[in-house]
Amino acid sequence: MTGGDAALRAGNRAVVEAFFTSNLGNPAERIALWHPNGVKELPFAPSELPKTRWEGRDDIVANTHANAGMFENVVHTDLVIHDCVDPGLFFVTSRMVDEARFLGEPYPQSFVHLIRVQDGAVILQQEFFNSEVLAGAERAARAKGRTPLES
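Per UniProt numbering, the sequence shown starts with residue 1, numbered consecutively.
Be careful, since some hints might not be right.
What the hints assert, rightly or not - Computed beta-carbon distance windows for the label pairs:
#: 1; residue 1: Asp5; residue 2: Arg142; range: 45 to 53 Å
#: 2; residue 1: Gly120; residue 2: Ala140; range: 35 to 43 Å
#: 3; residue 1: Asp5; residue 2: Arg101; range: 34 to 42 Å
#: 4; residue 1: Arg146; residue 2: Phe91; range: 29 to 37 Å
#: 5; residue 1: Asp86; residue 2: Ala32; range: 20 to 28 Å
#: 6; residue 1: Arg101; residue 2: Thr21; range: 17 to 25 Å
#: 7; residue 1: Val85; residue 2: Gly136; range: 34 to 42 Å
FYI, nobody ran anything at the bench for these hints, they're computed from the structure.
All values reported here derive from a predicted model rather than from experimental measurement.
The beta-carbon is built from N, C-alpha and C at its ideal position, and this holds for glycine as well.
Could you put the whole structure together from the sequences, leaning on the hints where they help?
Right, here's the structure in full:
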């Protein structure tokens, strides 16, 4: 690896670290890390979700704000960032802290993320997770009269 690639990878890795340590309770923190042409995808999301792909700034902003209204204590722990050959591409594994909630229900979720950084910002986030954990939390919340926001 050349010195330029190492420096690029280090800068991109810092963006990934900031992305996962940003506070969803303050959506502007996460939004600031997105590329204007960013794309977020949930490839294995439950089929009941109204949307599984957000493309461009307006979609990303709407999704981030909607998530801030549905999720509480969204703190990634056991974060491991795996470098790829491409200095802008990373696999990230994490899980939610025990206090994480979705619509007030426990959300003991684990994740694998594919993150691409371009021009110092996240241009792609593919989020893979256990769909049954999300569906179970949503069912429990609906049974108590709480429903997700549309995003």
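A quick look at each hint next to the structure:
{"no.": "1", "hint": "Asp5 to Arg142: 45 to 53 Å", "in the structure": "holds, 49 Å"}
{"no.": "2", "hint": "Gly120 to Ala140: 35 to 43 Å", "in the structure": "holds, 40 Å"}
{"no.": "3", "hint": "Asp5 to Arg101: 34 to 42 Å", "in the structure": "holds, 41 Å"}
{"no.": "4", "hint": "Arg146 to Phe91: 29 to 37 Å", "in the structure": "holds, 33 Å"}
{"no.": "5", "hint": "Asp86 to Ala32: 20 to 28 Å", "in the structure": "holds, 24 Å"}
{"no.": "6", "hint": "Arg101 to Thr21: 17 to 25 Å", "in the structure": "holds, 19 Å"}
{"no.": "7", "hint": "Val85 to Gly136: 34 to 42 Å", "in the structure": "holds, 37 Å"}
Every hint from the earlier list agrees with this structure, and none is contradicted.
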